[in-house]
Amino acid sequence: MDLGRLVVAVVLSAAILHSAVVGAENHHVFMDWEVSYALRSPLGVAKRVIAINGHLPGPLLNLTTNDVAHVNVVNTLDEPFLLTWNGLQLKRNSWNDGVAGTNCGIPPGENWTYVFQAKDEVGTFFYRPSLGLHAAGGGHGPIRVNNRPVIDVPFPRPDGDFDLLIQDWYNMDAAAMKDRLDGGRGLPPPDGVLINGMGPYGAEIAFEAGRTYRLRVSNVGARTSLCFRVQGHKMLLVEAEGAYTAQKLYASLDVHPGQSFSVLVTADQPPRAYYMVVSSLFVGPELYGVGTIRYAGANEHPPSGNAPLDERSSHNSYNRSMEQAKSIRMNLTAGAARPNPQGSFHYGHINVTRTLLLRNDESVIGGRRRCTVNGIAFANAATPLKLADFFRIAGVYTVVSGWPERRNLTLGTVAIDAAYRDFVQIVFENTLPSMQTWHLDGYSFFVAGMGWGKWSADARSTYNLVDAMYRSTVQVYPMSWTAVLVYLDNEGMWNLRSQNLERRYLGQELYLKVSQGNSSEVPDPRDEMPMPFNALLCGKAKSLGSWYKSGPSPA
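Heads up: the sequence shown runs through residues -24 to -1, 1 to 531, numbered per mature numbering (1 follows the signal peptide of the UniProt record, and there is no 0).
Some clues are possibly wrong.
Said to hold, decoys possible - Pairs of lysine-lysine, DSS-like flavour, derived with a Cα cap of 27 Å:
1) 302 with 430
2) 224 with 302
3) 95 with 67
4) 210 with 95
5) 224 with 210
Source of the hints: derived by calculation from the structure; they are not laboratory data.
Please put together the full structure from these sequences, using the hints given.
Dropping the structure here:
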């Protein structure tokens, strides 16, 4: 199909899509967000950060299943900017994913409106910047996707809902971090830990005695795994990144970079003030973020006693952390976005059609330190891969059917050719003596197994093929492997990345090009949405924009 026929077909598809997906029957949520620089000093050192509508964290994006979000982002920074929606699946709509492989950056002084549907999902998520090292300077905020009223939630309605964004924090700004990494040096340990953008004892939430509250906790930091706990209270884990969990009480929970979960906490202790504690894991020196939970009517101003900071020996253990991860299971009898139970999809009975073994490492390429996946450090192109694919622009990226490890380390802009509706096993193998965390945009996957050392096919005998957690971000422990199973039912160009910001910046990411394999045909809008008419165009696609946007009227 030539480009002219492609334009006509896509315009007609857009007309169909307008009535089918963005119709009046869906509830629409409209947000206007201005992105700007601001000065903040959460640890006593002033730093230029990225604020949204003047706030850090930014505003809550509060949706209900199947809502259509319209988020108009005005960029007042002095460089391009993008937001990505960590954990939202954006069904059939990688055009709004907000990463460099799918979207052109919003230029300084301009705006762009994301439009996407929270299709068939619920849960706790967050948004954050995706370009360069912007995420180290803020620009993040919470996302909730609530159940529709006709779908039961597998626990009594809580008396309150609180979003807690926890993170490691660097006093150096993003520009200084970039200079350091570009110069071949690694980032030092972070300077502290924040709760909702605030330093020690700054964050505070209110409880009433006898009530139960939902705490939605997300690790929005640059690279550090964190441990969350509430003094004197047990936490009932109920949800993680859009899947309801088998309910189990925990005294503390590990939250790795990019991960989110929900716990229920009952105010069943003597009415006074208590500490919330967030401590760093697996780095030295150990760092703490401390907030306060205050019972209504309690006269005591600070919590009594010292904050529970003396648990490092029990918390800083890779074995303990892995065992906790394995203990988190999916609730098979609960419905989520739909009334059918989560356990009705029997993933353990599906034959794996393909295995991708992805091994991360560090090396020197071209005289510069790089982070690699199977010997390739990803290099972002001036033209987003999604635009190159749509306009049939050659030379922007390479499509590979497999991903063998390369002996000759190299830079590359690579996408894996993945067949629509395949059931794929992805094995992440970490060869380094430090933590790794991986995230796949557009999907959740079943975390089937974890183990020490190198993965082999025999490891499948140890997998959980019944009630493994279904989430979008998974940790890989040092010198170990993690295996996930994913059903590729979301057509598009999807980013697979390290959630360690330093490693991603140095090359640890790639893309999955999920399609039905016929590049000469326009995707059916039931399988993949057409390019939006407000799409920003850049690189080699910039000169093609007027042709597309002035195409024939669908009428």
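The hints, checked one at a time:
1. For a cut-off of 27 Å, the pair hint linking residue 302 to residue 430 stands: about 18 Å separates their Cα positions.
2. Restraint check: the Cα-Cα separation between residue 224 and residue 302 comes to about 13 Å, which is no more than 27 Å; the hinted pair holds.
3. Between residue 95 and residue 67 the alpha-carbon distance is near 6 Å, which keeps this suggested pair within the 27 Å criterion.
4. At most 27 Å may separate the alpha-carbon atoms for a hinted pair to count; residue 210 and residue 95 exceed this at roughly 33 Å.
5. In summary, the hint linking residue 224 to residue 210 is supported, as the alpha carbons are separated by about 10 Å, within the 27 Å threshold.
Going through the hint list in order, the structure does not satisfy hint 4, though it satisfies all others.
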